[in-house]
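*Asks:* Okay, here's what each chain looks like letter by letter:
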Amino acid sequence: DAKTTQPPSMDCAEGRAANLPCNHSTISGNEYVYWYRQIHSQGPQYIIHGLKNNETNEMASLIITEDRKSSTLILPHATLRDTAVYYCIVRVRTSYDKVIFGPGTSLSVIP
Amino acid sequence: GAVVSQHPSWVICKSGTSVKIECRSLDFQATTMFWYRQFPKQSLMLMATSNEGSKATYEQGVEKDKFLINHASLTLSTLTVTSAHPEDSSFYICSANSGAGGRDEQYFGPGTRLTVT
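Respectively, the protein sequence lines represent chains B and D.
Its first residue numbered 970, the first sequence is counted upward by one per residue in my numbering.
Its first residue numbered 7, the second sequence is counted upward by one per residue in my numbering.
Fair warning: there could be bad hints in the mix.
For lysine-lysine, the following DSSO-like pairs were computed, each having C-alpha atoms within a straight-line distance of at most 27 Å [unchecked claim]: (1) B:Lys1038 with B:Lys1021; (2) B:Lys1067 with D:Lys47; (3) B:Lys972 with D:Lys47.
Simulated from the structure, these hints should not be mistaken for lab results.
These figures come from a predicted structure and were not determined experimentally.
Pulled out of the complex, with its shape left as it was, chain D reads as follows (with noise of 0.2 Å):
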């Protein structure tokens, strides 16, 4: 199946600094790719929708100047935590979905670990 893959697989950063992570599409092009958060025992949150070329699709109540999110090629989207705060340590998660051959999935990535201090 299509693999997706995220740099860095966990980070901690200091209060008020900025994280960047990377969603990365190795086998397939995505023109559409999809973050996620995922605080503890809980399921996963849609953050916001990543459309090659143009601006993200935030879901209400994310903040689109606090998540910045830039997709620049079609096979690399990156969230960037910006001023990050101990309230922003999560599991964050990407998926991409891969059309080829007519077939439509969606395939996530491994996730990374924030963890803000």
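Just chain B, same shape as in the assembly (with noise of 0.2 Å):
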């Protein structure tokens, strides 16, 4: 799996905008741009993935570049229950494929 780097903490606003950037500059071209955050001792919740088109679902948005080395997972309205880790992860879409996580980044919501 090609190697993810994001910042390892950030904070936000209540109510505003989370803009958590991810850079993987090394991605192959059948890998896909996932998004998973752990909420403190719990397990993993998917949250969004995408190829090379932006996506958008009920929880965020997903923002990759055209030249697919960076994307942005967006929370357009941060609540406190969103504080957790998020993880980026690039992964090849296939059943037996692992999903290898690095640190992640730390949001913490302010209110």
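Using the hints, put the two chains back together into the complex; each one sits in its own frame.
*Replies:* The structure is reproduced here in structure tokens:
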């Protein structure tokens, strides 16, 4: 799997948009960008994924640069419950492909 | 979305005993499941890949004789920590791949907190 680089921590004011960056400069053409988050003492939760187009779902938006070397996860209106560690991962989308976690970004939503 | 459960959610055991943790995919079949371990304030570390009907594949540095993995059916994988010691105390998390309907997403269980005294 390609490596990803994320800032170790970020703060965001409650109600504001949280923009979490991720660099994946060595991503291969068949690798997807995935985002997961882990709230303290829980299992990781899938958020969103994309290949090259921007994606949006009920939780977040994913913006992938045209060269695919970086992406941004956007939580449009952060709440206190969004405080978690966010992991950006690139992987081939097969049933046997591992998800390898880096250190992630610890997001703190401030009241 | 697909649901993965783990049992027990937490367990305390004495040093030298063995502990079994179950991982179940509740509403889908998973030919591949994964086991992770997470120490406090650290990221998840992949321990092994569990394949239904075949031997598990362990990551480098993980003792296969200590962490026994059995994937007996398409909905159940078990991790047995044999002769547990205090340094095995950790948060163990499993995940399973759902390939239903052309989607291939990996869903994670809620984790099992193991404390060895």
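*Asks:* Each hint should be assessed against the structure and marked as holding or not.
*Replies:* Do the hints match the structure? See the list:
1. B:Lys1038 with B:Lys1021: holds, 10 Å
2. B:Lys1067 with D:Lys47: Answer holds: Lys1067 (chain B) to Lys47 (chain D) is near 22 Å, not above 27 Å.
3. B:Lys972 with D:Lys47: holds, 20 Å
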